[in-house]
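Using the sequences and the hints, build the whole thing.
Listed in order, the protein sequences are those of chains L and V.
Each residue of the first sequence is one higher than the one before, counting from 0 in numbering that gives the first Met the number 0.
Each residue of the second sequence is one higher than the one before, counting from 0 in numbering that gives the first Met the number 0.
Accuracy of the hints is not assured; some may be wrong.
Identical chains share a label here; the pair holds if one copy fits it or two copies do between them.
Unchecked claim - Derived pair list, reagent style EDC-like, types lysine to aspartate or glutamate, alpha-carbon separation capped at 20 Å:
#: 1; residue 1: Lys195; residue 2: Asp290
#: 2; residue 1: Lys195; residue 2: Glu161
#: 3; residue 1: Lys106; residue 2: Glu267
#: 4; residue 1: Lys107; residue 2: Asp290
#: 5; residue 1: Lys107; residue 2: Asp128
#: 6; residue 1: Lys107; residue 2: Glu267
Derived by calculation from the structure, the hints in this document are not laboratory data.
Protein chains: 2
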Amino acid sequence: MEPTLQHIRDAAVRIAPFVHRTPVLTCATLNRMTGAQLFFKCENLQKVGAFKMRGASNAIAQLDPKAAVHGVATHSSGNHGAAVALAARLMGIKAHVVMPDNAAAIKKLAVAGYGANITWCEPTIASRDEYLAAVVQRTGATVIHPYNNERIIAGQGTAGLELIEEIEHLDLLLVPVGGGGLISGCALAAKSLNPKIRVIGVEPEGADDARRSLAAGTLVPPMSPVSIADGLLAPLGEKTFAIIRRYVDDIAAVSETAIAHAMRTVWERMKIIIEPSSAVTVAAILEGKVDIPGRRCGIILSGGNVDLDRLPWKQ
Amino acid sequence: MEPTLQHIRDAAVRIAPFVHRTPVLTCATLNRMTGAQLFFKCENLQKVGAFKMRGASNAIAQLDPKAAVHGVATHSSGNHGAAVALAARLMGIKAHVVMPDNAAAIKKLAVAGYGANITWCEPTIASRDEYLAAVVQRTGATVIHPYNNERIIAGQGTAGLELIEEIEHLDLLLVPVGGGGLISGCALAAKSLNPKIRVIGVEPEGADDARRSLAAGTLVPPMSPVSIADGLLAPLGEKTFAIIRRYVDDIAAVSETAIAHAMRTVWERMKIIIEPSSAVTVAAILEGKVDIPGRRCGIILSGGNVDLDRLPWKQ
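Next up, the structure:
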């Protein structure tokens, strides 16, 4: 069943003990550079450094007690894996995470640090799915999909709900698009509270399946997506796409150069660390790809997990 | 006349239109690493990226109108220069900043970007003082000292006031010590509101004049201070030292290695950018130099201005 505003409101109450209420920051310099009033919802300052903690907490908190004793399982080399690991630990539930053995050391450390049981797979979709199936067979764990799941969508939507409730009269909301969990939840919250708000998704040019799917009116799978915004490479799911079709007004796409430049601009001017996947929205406004001058514009900064030894600019 | 809590309260009202009320962040990982409950007052997210905006705004807003028409002047290669430039611009007052011609390009850009009149001097104290005197002679501008000034001290104290009012029952407050403007204002606010709170200053081992001055009971000038925490190289002033003697319980000193490690830890775990001068307090608790396990500990993160091309760790 498709989530509603009420599901998002319920999720906000349910996950409150497990997540931060993240601050909304403003930056006079970026306002001046863009001619708009920008309000940044800082999910990079969320627990595990990403909005993923919201959806994972919402899904795991609703597990049936009989299922919960068998734990939860997921595959992820990124923020969702860390979020499932931490949310499960906070609720006293066992977490199993299938990760490719070539994942970045810092990501391995994060998931292990949150106490998850890690199963190493080869870096292919076939191996990943095979190992996850084996884990589920062995443990009886419940699989928590990273985005194509109503409870995940409702959980991610709480970021948008908090922003819309805190900052009045927004004209636009900009959200990065990967698998679509964040934007579908946030668009649902935003449009339900204010049907006039424009919701714009942004993705890398090298992984623009949402833009093409929206144009085609049907799910277009990505073809070998490539981007430094590694959180945005996943294809849309059927559930997220259905919500995006209804509530998202447009999708913009940005270049790799623009993403790296926007990321550095936010670090320098706002003194916060955002990952490339977070920088796509800022890249879109700095490049003038979204019409914002004179407008009040909410922006979801989705995460801040970056390998500080491998920054996308010359050292 | 020495500032009082009332001066700090008045400053908070006076500067409210010109500064951010910065967020107080927490970090479960750092709590676990230290065994304490830590509350970070994020002045790195302040305008111009540093607490200096508070003192500069408070001093400039109190200028006599007859003096204000001649503008304000200061010498600074760092955050105080940027703060004076921006605060003056926001109040429609001319700012003159004397900077060494070898200052980092990013700092030159910041001060120029805020619209100040820059006078280049040689990188010596004699040249700096000579050029500042010439600017004052020519323009009639009022000199705004970076810390040895009651209005600056009261302005910086508003950071401590906000933290103490927002977070109840703090046992300790940790503050970096450079010239002493921040710690004297914050200690005054904290001890006036809660005489039982312990206020600890932290400085680099290579610039530990505050520790030696407090031990000697008299101002001991620093001898060739050296540290990557370039905001903490200035010697204490008489006015800041008088307040520090009365209200600061202890001064800890930390190594360069510990500063760089603490800085990176905050970037990685909290996803915020702090400069080395901000990292000294975190270094002190990570090294166990302050007794905090089981305590509720406020920490002022003073600034976030860092040259991203010259980070103090291997790239």
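For this structure, which hints from the list above don't hold up? Checked against the structure, the only hint that fails is number 4, while the rest are satisfied.
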